[in-house]
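Number of protein chains: 2
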Amino acid sequence: MTSPKHDLIYRRMAALDIGGTKIAACVADASGPLLRLTQPTTRSGNADAIARQGLQLIDECCARLQFDAASIDTVGVSSCGPFEVRDGALGFIPPNLCGGLANGEDLPNDWTFLPLESVLRERFATVHIANDCVAALQGERAFGDAPDNSVYVTWSTGIGFGLCVDGHILNGKAGNAGHAGHMLLSETSDALCGCGNRGDLEGLIGGRNFGKHLGRPLAQIFSDARQGDAAALSVVQEAARWFGRALYNLVTILDIESIHVGGSVWRHNEDLLAPLVRQEIDSRFPALTHNVKLKGATLGELVTDIGALALVAPQVWIDDWQVRRPWELLRTLNLTLAFADKDTGSRHTPE
Amino acid sequence: MTSPKHDLIYRRMAALDIGGTKIAACVADASGPLLRLTQPTTRSGNADAIARQGLQLIDECCARLQFDAASIDTVGVSSCGPFEVRDGALGFIPPNLCGGLANGEDLPNDWTFLPLESVLRERFATVHIANDCVAALQGERAFGDAPDNSVYVTWSTGIGFGLCVDGHILNGKAGNAGHAGHMLLSETSDALCGCGNRGDLEGLIGGRNFGKHLGRPLAQIFSDARQGDAAALSVVQEAARWFGRALYNLVTILDIESIHVGGSVWRHNEDLLAPLVRQEIDSRFPALTHNVKLKGATLGELVTDIGALALVAPQVWIDDWQVRRPWELLRTLNLTLAFADKDTGSRHTPE
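As they're listed, the protein sequences go chains W and H. Going by this note's numbering, the first residue of the first sequence is number 1, and it counts up by one from there. Going by this note's numbering, the first residue of the second sequence is number 1, and it counts up by one from there.
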């Protein structure tokens with residue numbers, strides 16, 4: 001145990017945000033996040049390659065900050081899922097990264113399970129791992145305004161959720177609570193989701209399938225809809241209807257008071273989507289939907305990184321950061337590293 | 001605060017189970033439930049008539065047991081919902097009892113809100129109220145085998161749920177978590193639910209709508225299906241499919257490990273339904289559905305009564321009752337009272 005005074009003067013922590021396309025590492029002290037480095041997620045090597053890439057990124061942060069990496073004993077991790085527990089330690093089995101799982105994508109590996117907790121425990125005394133949307137909700141709870149009964153949802157390529165009921169953020173048997181993007185909504189749609197479902201929320205309106213039959217990029221569908229293009233507008237209206245039905249389902253299942261939405265699809269089009277989604281929720285079961293709030297997430301693009309820090313940050317940091325909002329500085333302390341994939345020799349361009 | 005020894009020697013508690021058709025009251029001491037009285041639910045008088053009927057039933061239990069009613073300071077209540085908080089106290093607004101809410105039924109009252117907590121607090125120092133399925137799950141957790149991530153579901157006229165995640169039974173902003181029977185599943189069905197939804201789980205396969213187009217009583221549909229009647233079998237298969245899709249949704253939303261099913265539809269037909277429902281769950285997203293258990297609830301018909309007691313019973317009672325299962329005696333200590341409805345003069349026949 002450390003004292004609040006020790007936490008304020010000496011303590012440093014790391015955070016990792018592991019996604020299907022990139023990893024972000026961040027190092028913080030009481031003053032706030034100090035540096036953030038991102039790199040494309042490796043797809044080759046041993047099954048622990050991604051966890052080790054995370055460690056290297058933290059080391060790189062420390063080197064650039066002229067810190068001794070051994071001075072960091074705690075890491076908070078927000079990661080894509082789903083998770084699986086093997087030998088008592090959490091790992092993940094994302095179908096878009098694991099070549100050994102039947103997924104239809106051509107991946108330079110035969111991975112079936114990616115260890116995470118066991119690798120990070122080699123280095124850190126405290127390791128807290130959560131699904132990225134669960135971490136995001138932790139961030140919105142710590143630094144935003146998400147109340148005791150609230151949902152965080154990200155709507156981008158995938159659709160993921162963090163759920164909080166009675167002030168308790170839900171984890172579930174293997175940390176997979178919140179996979180509500182795989183909730184079945186349509187019994188007639190043949191829209192295929194990456195998980196194999198047809199007619200689940202992500203299959204219907206995740207970024208990959210959104211208005212697919214129009215053959216236009218997603219941003220153009222929204223811009224066409226704004227110009228009054230009937231086909232584009234109809235796609236947007238139908239997507240909002242599905243999203244609203246899913247949110248209504250969560251309100252009625254969990255008796256939620258507030259929904260906090262992030263992700264690129266929502267962030268760029270909230271003005272168009274919010275009234276349509278609102279209408280879909282409000283049209284049902286007033287005893288449960290009355291006064292339910294629908295709003296954009298406050299932490300924006302950094303929500304999962306700040307969420308990962310919120311998983312482990314001492315309360316004295318959180319209390320102070322609520323006022324100072326130091327993560328807003330990260331925009332100027334944010335570097336993207338190119339990544340040389342050793343096995344293929346190919347060089348990804350940083351985003 | 002009372003000591004375990006005081007609880008064992010002196011303490012008595014009451015439980016109420018308030019449903020749309022009947023109310024049950026039960027009085028218990030450390031030895032177990034002592035007597036259970038049931039009566040048809042009143043539908044006339046002031047809006048507090050149902051809560052006061054509950055008090056009278058507890059008084060009647062005490063009189064028959066030759067107890068001083070004042071010796072009881074604690075009541076656990078399982079009630080139909082939905083709940084609403086007014087002036088800081090929980091009440092309920094069930095559409096099938098409240099004549100003042102647009103519901104299409106002809107009721108001899110203009111009720112819009114039924115106070116519950118405020119009336120019970122006039123008499124009892126400790127009042128714990130939960131939705132009937134939340135109470136049932138509390139009972140299955142205390143005396144059955146429902147683990148930390150589990151769902152209780154009743155499938156009868158209505159379809160209701162109790163949800164437990166990470167060992168925490170979910171309540172939500174007004175105690176309405178678990179209204180998952182109103183989850184939208186079909187975008188094409190015009191099956192109308194009492195809540196006004198079309199295509200939600202209860203509208204699709206609640207007892208009122210189950211195989212409605214066949215024009216046969218529910219028990220006959222199942223018995224015809226067992227005899228190989230193709231139309232009846234197809235109705236049963238489709239119902240099982242919807243039920244399975246709803247349970248899959250909860251597994252993927254909450255990362256549940258075990259589903260405990262009660263209610264008359266399931267209880268009488270588990271042999272026919274379980275394999276069909278099982279198949280629907282298992283066919284999706286193995287990372288989440290792998291090894292999820294599906295089983296009948298262990299407390300049977302008394303699950304909501306025992307659940308209401310479990311809400312308030314001291315731990316020393318629960319520990320002892322787990323071994324002795326004293327509620328099994330309730331079958332012989334169970335009386336149904338006729339109820340004279342004062343306003344109409346009609347006399348209901350006890351069930």
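By construction, these hints were calculated from the structure, which means they are not laboratory data. Computed from a predicted model, the values in this text were never measured in an experiment. Check each hint, because a few of them may be wrong.
[What the hints assert, rightly or not] Calculated from the model, a selection of chain W residues having no Cβ within reach of chain H, i.e. all distances over 12 Å:
hint, residue
1, 5
2, 73
3, 106
4, 118
5, 150
6, 163
7, 167
8, 169
9, 175
10, 187
11, 220
12, 230
13, 250
14, 280
15, 333
[What the hints assert, rightly or not] Just a few of them, taken from the derived set where beta-carbon distance is under 10 Å, the chain H residues facing chain W:
hint, residue
16, 83
17, 87
18, 88
19, 286
20, 290
21, 294
22, 318
Heads up, the beta-carbon is just placed ideally off N, CA and C, and yes, glycines get one too.
Hint check results:
1. 5: holds, 32 Å
2. 73: Since the minimum Cβ distance to chain H is about 26 Å, residue 73/W lies beyond 12 Å and the statement holds.
3. 106: holds, 21 Å
4. 118: holds, 19 Å
5. 150: violated, 9 Å
6. 163: violated, 7 Å
7. 167: The claim breaks: residue 167/W does not keep its Cβ more than 12 Å from every Cβ of chain H (closest is about 10 Å).
8. 169: Given a closest Cβ separation of 9 Å, the condition is violated.
9. 175: Non-interface label fails for residue 175/W: nearest chain H Cβ at 7 Å, not farther than 12 Å.
10. 187: violated, 5 Å
11. 220: Holds: least Cβ distance 27 Å, greater than 12 Å.
12. 230: holds, 21 Å
13. 250: Residue 250/W not clear of chain H: closest Cβ-Cβ about 7 Å, inside 12 Å.
14. 280: With a cut-off of 12 Å, residue 280/W comes too close to chain H, as the shortest Cβ separation is near 10 Å.
15. 333: Holds, since 35 Å exceeds 12 Å.
16. 83: holds, 8 Å
17. 87: Nearest chain W Cβ about 17 Å off; hint violated.
18. 88: At about 16 Å, which exceeds the 10 Å cut-off, the nearest Cβ of chain W leaves the hint on residue 88/H violated.
19. 286: holds, 9 Å
20. 290: holds, 9 Å
21. 294: Result: violated, 15 Å to nearest chain W Cβ.
22. 318: Residue 318/H check fails; min Cβ-Cβ to chain W is 21 Å, beyond 10 Å.
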